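Engineer: Chain by chain, the residues:
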Amino acid sequence: MTQILVDSLVYAAEIAIIAIGIALSYSVLRFANFAHVQFAVVGAYLSYTFFALLGWPVVASVILGAVATGGIAVATDRLVFARLRGISPDGKMIVSWGVALFLRAAVASVFGGGARVFPLQPAPLSFAGAYFTMQDVTVAAATLLAIGALHLLLYRTKAGTALRALAGNPDLARTRGIPAERMIALMWFVGGSYAGLGGTLFAMQTRLQPNMDLIMLLPVFSAVTIGGLDRVFGAALGALALSLAQNLLISVDLGSLLTGQPWSVPTQFRDFIAVGTMVLILLLRRRGATAQAR
Amino acid sequence: MIDFAIFAVTMIAIWSVLGISLHLQFGLTGLVNFGQVMPFAVGAYGAGFAAAHGLPIAAGIAIGALLTPLLGLLVIQPAGRLAQDYWALVTLGAGEIFRLTMLNVPAIAGGVEGTTVYRIADRSLAMLLALALLGAAALLARRIGRSPLGRILRVLREDETLGATLGRNPFALHRLVTVVSWTLAGLAGVLYAHVVGYLSPGAFTVGETFLIWTAVVLGGPASLPGVVLGTAVVELTAVSTRFVAQWSHLPFELTANLRLGTFGLVLVLVFLFRPDGLLREAKARSDADRR
Amino acid sequence: MLIAADIALSYGELHALRGVSIAAEPGRILGLVGPNGSGKSTLLNVLAGLQRPDNGNVTLDGRTIPPGLPHVAAQHGIGRTFQVPRLARRLTVLQNMLVGAPPPPGESLWHLLFRPRQVRRHERALHAAAMAMLHRIGLAHQADDYADALSGGQQKLLSMGMLLMGAPRALLLDEPAAGVNPALIARQIDLLRAVRAEGRIVVLVEHNMEMVADLCDRVVVLDAGEVIASGTPAEIRADHRVMRSYLGEPA
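Residue numbers (this note's numbering), protein chains in the order written: chain A, -4 to 289; chain B, 11 to 301; chain C, 6 to 256.
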């Protein structure tokens, strides 16, 4: 049982840090940014380059990878999304896929399609009967730190207040003199660098592949949906809820409970649980929702 | 060369049916289906299931043609009255779930190994069948697009609440469009299976969905000729990658990645510089022939 | 008779409507006035099924209208226009008029494929009716323009015309005169007089007091989600509470 909790916590940490960026950008720009998950892949490859290819220290490589990804996110906004502020959310979603395809192709062209592994040998640890590694602890700690820092940024700084005002009521915020475009750039930078960090952590835990966005896509968007698309910290809680649901369902021996034959959900069905939870939440939420006239 | 031309025309025709399916959903009605590959896969796996279980070809066609609209209704049920963001997420998730099921449940049609399907040996016949299906799909889409039904679907695309205050149930119309367009895509899938002769889950990924999206956005989502034009351009690029790789002496993998990147770039550039696509929606004129 | 009985609706702490009751009679125009945020548009939304009230119900000629289903309310004969006109902007003016009518057979796939002649016949009649209505509202010369290309006032006329195409029993109009030039307002007034003469129910939300005084048979005043006065336009003008609520002084 402790093992399940530990595993869930670590997996939730990897997902959460990417998910909160999607919620952040949704809350300000009102569209689901599918390129965000690709930012995570780009960040992972950048960190890998600094660390494994250039031989820089691991912490510096990860931080630089994250910061560079933030820069790429801001540049993406300037080049593409800033010119499309006025189009429908559907249009922006489709464009974000275009950006994602382009970034994936760029990564695959430079690094090739094969899988790579971060050359790390984390120390094994155990606690209360659960086994994990030093890396798991680092991942969880980094995510908690990042979430804490974002909370401070949003609720304790002037920029954060401005960003929240922009998310709550963009028209009012603009008339009150909030520099919307600068705040939006800040949002892209924070979201992009968090994605870069999350992607690096994810790749350290598994491996590095140009199409790892497809592995992260469903759990990440499921976590954001569970938390409520525009709730930044809801996304983190959503990641935790999803991760617990996945690990519990996979580890419980359903067969013995129902038929007497031992059987549990195979691990390949993790994504089924992700999509299933998402659909379930949407169905529940629909009950309360009625057509709202603008 | 002739063989390649026949193959290319066959593929363009099949994928154009998928494009027309997306034209009905997105171009006319405004539904953002990010799992467009799913009805195609369901149709193909109808044929695959029949082949893997020794059933006649007709059974495969029937399974594909019937299961696709049913699954479509199942998928839009939760997405039904929600915002488009959620609709996109649910269809994306559903498409992936279907692929993962085919991958992880070998009993249906061979799992990751895939399955062989009866392959139409006469390639000209295959091409004629594909063109016939394309013709039928185009006629149906044209009939709908130029009718009062197409008119009210466009109203939903522009403003769903307006449609509702005019006494139309948007959800019922969405269901109708889903059934029609998914059935078309399912039939394209059945034919695809018999043209290619081999199915595996790797042929039905999110990547395929965005191939269709790129084609439709490039050609013009709201224009029927535009959709076919866009599909022809994109699919011709897709099937000729190997030749481009040979000719340019670049590695095949790199060429494929460059192609993917180009498609991504095309999606972005069209939105930036030609948001209606190459061909615009024709304006309905009051003095036009009203057949 | 269109009756809203004891309608309450709140967003968390904010009470948009509390215990509002109104009754609109056929062949009469009921004015609905009040300061911004007093709940007028919310009340129209509830009547048209666009918002589900927390309490209360809506009946039209004795039949209860199920709450929160706009298409059902419309099918029962309740039609609504909006402050910012809702139009299919990338469709032509004529096409917008055509969808204003009740669903023709050509909106059914079955009829399209197997009853094409019936569809064609119905379409021809519909086109004639729509053109006639366009002549009546004075937009016939722009039938083939995109709705988006019309001026704001013309867009409001167009949405009134769409509403009339559906021949609803009750018309709910949300500030038809706001931002519209006097010539077009005069055209709207003529149209509404004609509608009243046909014995239909009209609820008119309007800030233009001249238009209200000119057209309305009765006026209901809303303030902070409550009915604070009702009567003939003359009585309302004489009512000090109303004037104060408009001028923003404490009542």
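Source of the hints: derived by calculation from the structure; they are not laboratory data. Possibly wrong hints are sitting among the right ones.
Stated by the list, open to error - Covered stretches of chain B (in silico footprint by chain A; criterion: 3 or more residues with CB under 8 Å from a CB of chain A, positions within the stretch not fixed):
#1 101 to 107
#2 137 to 151
#3 273 to 279
Given the structure is predicted, the values throughout are model-derived calculations rather than measurements. Even glycine gets a Cβ: it sits at the ideal position worked out from N, Cα and C.
Engineer: For which of the previously enumerated hints does the structure constitute a violation, in increasing order of number?
Structural biologist: 2
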